[in-house]
Amino acid sequence: MSQTISFDLLVIGSGPAGQKAAVEAARNGASVALIEKTRELGGACVQRGTIPSKTLRENALRVKNMRMNAQIANFKLAEDMELATLINRLSEVLEAHDNYMRKQLQRSGVELIHGRATFVNEREIQVENVSGTKQLYRSQHILIATGSHPRKPDDIPIDHEHLFDSDSILSMLYLPKSLTVLGGGVIASEYASIFQALGVKVTMIDKYPRPLGFLDDDLTDTFISGFHHMGGTWKGNTKITRCFWNGIDAVVTECDDGSVISSDKLLCAAGRVANVKELHIENAGLQLNQRGLISVDDQLQTDVAGIYAAGDVIGPPSLASASMEQGRRAACNALQIETGNMHNTIPAGIYSIPELSSVGLSETQAREKYGDIFVGTARFDEIARGQISGIQNGLLKIVCAKDGKTILGVMIVGEGATELIHIGQMALLNQCSVDFFVETIFNFPTLAEAYRAAALEIIHARKLRA
Amino acid sequence: MKNAEAAPLSGLEPLESAIDAQIRSNQIDVPMLPEVAGRVVRLTQDPKSDAMQLAKLIQSDQILAGHVMRVANSALYSPNATLISLQQAIARLGMKLISEIALAASINSSLFNAPGFESHIQYEIRYSLLAGLWAKEIARACRRNVEAAFLTGLLHDIGRPVATQTIISVAKDIKFTIDKRSLISLEDKYQRAIGVKVVEQWEMPQIVIEVVRHFDDYQNAGDAIKPTMIARAGAEFADHFMCEQGQEGCLTRDQLVVQPVLADLDLYQDEILEILEKEPAVQSAMEALQA
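Quick note, the sequences are listed as chains A and B, same order.
Counted from 1, the first sequence has number 339 at position 339 by this note's numbering; the numbering is strictly sequential.
Counted from 1, the second sequence has number 158 at position 158 by this note's numbering; the numbering is strictly sequential.
Since the hints were derived computationally from the structure, they do not count as laboratory data.
Keep in mind that this is a model prediction, so the values were computed, not measured.
Don't take each hint at face value.
What the hints assert, rightly or not - Pairs of lysine-lysine residues, derived as PhoX-like cross-links and limited to a Cα-Cα distance of at most 20 angstroms, are as follows:
| id | chain 1 | residue 1 | chain 2 | residue 2 |
| --- | --- | --- | --- | --- |
| 1 | B | Lys226 | B | Lys189 |
| 2 | A | Lys402 | A | Lys369 |
| 3 | A | Lys369 | A | Lys405 |
| 4 | A | Lys76 | A | Lys201 |
| 5 | A | Lys201 | A | Lys64 |
| 6 | B | Lys172 | B | Lys189 |
| 7 | A | Lys201 | A | Lys177 |
| 8 | A | Lys76 | B | Lys172 |
| 9 | B | Lys56 | B | Lys96 |
| 10 | A | Lys177 | B | Lys172 |
| 11 | A | Lys177 | B | Lys175 |
| 12 | B | Lys48 | A | Lys201 |
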């Protein structure tokens, strides 16, 4: 091993958090090294999760729309469709993204190191490259942004051939005829609805009564009804007792209610676990919390001064958007760079079919916190654009404080939700009154008009109560 | 596969120009994949197919049925039971595995007409089978497509025995006496182009064709880069395990773990050693498939 190399900041992991941290620090004049285990940049978000699944989603929507417009074209998806065909252009998208990130890092003067990082102590990191060569790096500031990987329950024999996890599901050769999805979280809901839209017979099973339990019931009801309408089956309040490849032609899932589900393939989406195994964080005096994550304070600093963590490795909200900002702020905090205000109102985007998105408090959270509140709802089938575009399975909900003016949160289900939410987010961040949505003229016909309809409901209710 | 004996030779020009002409004019004599094997592969890719249809199909070829039953009854797959019917075997082993067994059985030395070089071809077939089995384990470790890995590993070098057959046939036609060293050198030169023609003619899935086409240059395989790397890595593992004492050009364990393709797959040395621990399982599968 050669001499130790020093940097102002060492960043471990090139996902959304690590990359933004490295660029921010370097742009502010710090010497920065970004250590990445894999040859490709971007982490699971780019390589295995967000981008590939959204590429598949785009094609699933096209397929769904073509089926809906059967009068225009008698569309039928080939039964032995290769999955790669449905994630077309992925390599181009990934390559373009990789090139862009590499150029940005290079422009900013970030030193990119391909290798596996291990803490030697709280200031030193050993990096082993794929050939086994080792090198020591030292810094007063280290950021852990190593992301997460799918949790593998002991009783689910994932073989990446018949039983997949969310990292391997898109490696299937052919679109299966049927798919069982275990879980009711964001990843499970996204993949279940995407595959169902592609015509795969999907059964989604979870121990909780509803998927996406952190959202209000009316939103998840709309999601479930859309899923059912496409032909999917949701089995809530159900525990898995056994799950196995029958050695013949199916994955068998046995449930505690006595039901048995057979499917070509199975996806286990049982949450994600922080990537810390190879880091040996104990050498730096760190340990995982009870949830298997790294704890940080509001400065994103861990229990060890000078060591920061950001992104999936610190847990929810586990959104790429939030991870980017956490990474940027962690770097700023470490190097004492002015950060500006960090708003806690981060929008959540769920790229299922239909999409879901929320910002601020849900109706349930607002009632728990404030008791008396106002809620205004607009259904997409009552909005002209919804009728025209066939986007009728959706709703937008505004939650207001007791005064009937202060916006507490916005929740949307329906196509376009992840874009539409930003109107609500801006209103929330700027502390606009709900009246602002009525006083503002929106394009007609648009789905954004739903803001106006929902706001009017609140204003009428407010007047009635006055 | 690396042939230590292969090296450019002079004096082969007449033979080479005759082979070139055959390739250019698309006159390579591609052996017919036994019809039943081709149908087995297609059937197992058909989502509408079932185990009953597969059993019927294999039963239509007595030799193949016998081989499948021998493998199904081997210690690896049926340690405690004796399978007496094909349907029972399919029920036990699964359609996918049965199709792998059927294809592996179909690609044997009797497919190729290369008098005097039977043992050479037998070696190549054994090597390809081992490459397919290792490719599956590597794909699993990399969380990449496991389903395609066996097929791509098995068929990546299918051009070699066909090239050998072609070279012998052309040499005979032009009355050229060829020694083993020269044959291997020419086989190295022409096998890739011929291999692509074989898998195309056998109507293998597109991914198999792309892997065979780009096997020697996986960096330019485009969308097929990962499956090609996995097949290549499977072949490197086969190179190591087919190595006999004193043999030149084969990979030692130390050489294997530093192969560039493994690094390109982001497999670290401890991860490669973990894959190597699958050796007993892979060897058992190999023995069973060659039963």
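So, going through the hints one by one against the coordinates:
1. At roughly 24 angstroms between alpha-carbon atoms, B/Lys226 and B/Lys189 are farther apart than 20 angstroms, so this suggested pair is violated.
2. Between the alpha carbons of A/Lys402 and A/Lys369 the distance comes to roughly 11 angstroms, so the proposed pair stays at or under 20 angstroms and holds.
3. In summary, the hint linking A/Lys369 to A/Lys405 is supported, as the alpha carbons are separated by about 17 angstroms, within the 20 angstroms threshold.
4. Only pairs whose Cα atoms come within 20 angstroms are accepted, and A/Lys76 paired with A/Lys201 is accepted, the gap being roughly 15 angstroms.
5. Taking the CA atoms of A/Lys201 and A/Lys64, the gap is near 14 angstroms; set against the 20 angstroms cutoff, the hint holds.
6. Distance hint between B/Lys172 and B/Lys189 is fulfilled; the C-alpha atoms sit about 19 angstroms from each other, no more than 20 angstroms.
7. For the hint pairing A/Lys201 with A/Lys177, the CA-to-CA distance comes to about 6 angstroms; that is within 20 angstroms, so the pair holds.
8. Of the pairs offered as hints, the one joining A/Lys76 and B/Lys172 is violated, with about 53 angstroms between alpha carbons and a cut-off of 20 angstroms exceeded.
9. For the proposed pair B/Lys56 and B/Lys96, the alpha carbon gap of about 15 angstroms is at most 20 angstroms, so the pair holds.
10. Our distance criterion of 20 angstroms between C-alpha atoms is broken by A/Lys177 and B/Lys172, whose separation comes to about 51 angstroms.
11. Proposed proximity of A/Lys177 and B/Lys175 is contradicted: the alpha carbons are some 56 angstroms apart, above 20 angstroms.
12. The hinted pair formed by B/Lys48 and A/Lys201 meets the criterion: a straight-line CA distance of about 14 angstroms does not exceed 20 angstroms.
Hints 1, 8, 10 and 11, counting from the list given before, are not met by this structure.
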